[in-house]
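Colleague: Here is how the chains run, residue by residue.
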Amino acid sequence: MPATTSDNTPDTSPERLDRTVLDARDISRALTRISHELLERNKGATDLVLLGLHTRGVPLARRIADKIAAVEGAPVAVGELDVTMYRDDLRSQPTRRAHKTALPPGGIDRKVVVLVDDVLFSGRTIRAALDALADLGRPSAVRLAVLVDRGHRELPIRADHVGKNLPSALAERVSVRLAEVDGTDEVTIS
Amino acid sequence: MKHLLSIDDLGTDDIAQLFETAADMHDVQSREVKKLPALRGRTVVNMFFEDSTRTRSSFEIAGKWLSADVINVSAKGSSTSKGESLRDTVLTVCAMGVDGLVIRHPASGAAVQVSEWVDASVVNAGDGMHEHPTQALLDAYTLQRHLGSLEGRHVAIIGDLTHSRVFRSNVQCLTKLGARVTVVAPPTLMPSGVASWSAAAGFETSYDVDAVLPEADAVMMLRVQRERMSGAYFPSPREYTVGYGLTRNRLALLKPDVPICHPGPMNRGLEIAADAADAAQSVVLEQVSSGLAIRMAVLYHLLAGEEA
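First to last, the protein sequences are chains F and P. Using full-length UniProt numbering, the first residue of the first sequence is number 1, and each one after it goes up by one. Using full-length UniProt numbering, the first residue of the second sequence is number 1, and each one after it goes up by one.
Among the hints, a few may not be true.
[Unchecked claim] With a Cα cut of at most 25 Å, we get these calculated BS3-like pairs of lysine-lysine:
1) P:K35 with P:K2
2) F:K43 with F:K67
3) P:K176 with P:K2
4) P:K34 with F:K100
5) F:K100 with F:K67
6) F:K164 with F:K43
7) P:K64 with F:K100
8) F:K100 with P:K76
What the hints contain is simulated information worked out from the structure, not anything from laboratory work. Just so it is clear, the structure is predicted and the values come from calculations on it, not from any experiment.
Could you put the whole structure together from the sequences, leaning on the hints where they help?
Modeller: Shown next as structure tokens:
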């Protein structure tokens, strides 16, 4: 079997000069704001389904769900979505490991689905996610929430809720680290 | 990896990775739209020179659910019956631009031979009495779902070992995963030379079903392969059942909830009684659905990535 690659692995080589753009408290504040925006836009949490995109969108979706639940006093449906099979670059890379897709028990039909991801960049992951959703059901609406929007879109896709707009050069590297995956909360650019 | 010809080609990491992918693929079976686009534009040919229901249809469905184009070629009704050689048939099909070739052939070593002739990825779907790697993978995957890790668990493989490629692949796969394997057969159906192999590979052999069953954590019954038997291996079917079949009485010897596997097709009343085949602990049909997930995982890993 070929070696598989995983997405968004933060570069930890020591010679890189990382600049922290969001620390743990900034991330928490951004997610709190996104949670409130979602509730405001949706007029409450009914029929809301948060779907985190692997890898780091999954813990982000859970955090947003927790924050919404704290405000609304009722749990929010949350799931995870893997788009590996739907990527348009499958063939130009070594075989990628697939992850689990887990929908909440109520499914996504006639629900407002909010896709949650860490970084919005080319938009190709979201394109793949929209295709994946179409195979899973028919949401009444699909929205997109991201922690960081770094620009450089290659497709006509935009986020509805953004934690931080981070204008970046194409050569720069934006890394999101989250406690659940990486042991620490921070967003750096290098 | 380019081909899947033998369990021997796989490391434990490869097997773990295939199982992870299979678990994801398993979910697709319960979806309304059973389709993933991963192999769009790829072509898979099932070449079956031996009869098959489950293996061929599950490879066909696996390919189709991954959006590959799948066609079936069988020996009956193909140019093989006009006397074309295997090499010519295979090269002809591959000249049409095939990406994956799933092959079953009555001759041991056929898949390895074919892989040397073609550019396509070759999957061994059973070659004579040699190997049937996807069957071993799906058996181990099914057992893992029931038993958790197979490390230190005791699996009994019982039946016609001499003619069984399932047994040969399974012993390798299960021992790689750390299971303790005991193989049981009448002396006439115990492969010659098994003593040195079992010593090297670390599995045990026995002629006594009743001694092995009470300590097994899983039981795998093998089909009596009459089509491969040229001589008399046992006096009568009845005698085989009495000595080595999983009968109602033997069912009672098992620890509770021990999963019972059979690769199919079953000879009910010969190697396995209806009581055992239809018992609550029988995982025969689950093996079939696992087989689909495993074959999807195999096709995905061989064909989705960049050209090797």
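Colleague: All the hints need checking, so say for each whether the structure fits it.
Modeller: Structure-based check of each hint:
For the given pair, K35 (chain P) sits about 24 Å from K2 (chain P) by alpha-carbon distance, which is consistent with the 25 Å threshold. Distance hint between K43 (chain F) and K67 (chain F) is fulfilled; the C-alpha atoms sit about 16 Å from each other, no more than 25 Å. With a CA separation close to 21 Å, the supplied pair K176 (chain P) and K2 (chain P) stays within the 25 Å bound. Distance restraint check for K34 (chain P) and K100 (chain F): the Cα-Cα separation of roughly 15 Å lies within the 25 Å cut-off, and the hinted pair is therefore satisfied.
For the proposed pair K100 (chain F) and K67 (chain F), the alpha carbon gap of about 24 Å is at most 25 Å, so the pair holds. A distance of roughly 23 Å separates the Cα atoms of K164 (chain F) and K43 (chain F); the hinted pair therefore holds under the 25 Å criterion. Straight-line distance between C-alpha atoms of K64 (chain P) and K100 (chain F) comes to about 20 Å, which keeps the hinted pair within the 25 Å bound. Using a Cα cut-off of 25 Å, the hinted pair K100 (chain F) and K76 (chain P) is violated, with the two alpha carbons roughly 41 Å apart.
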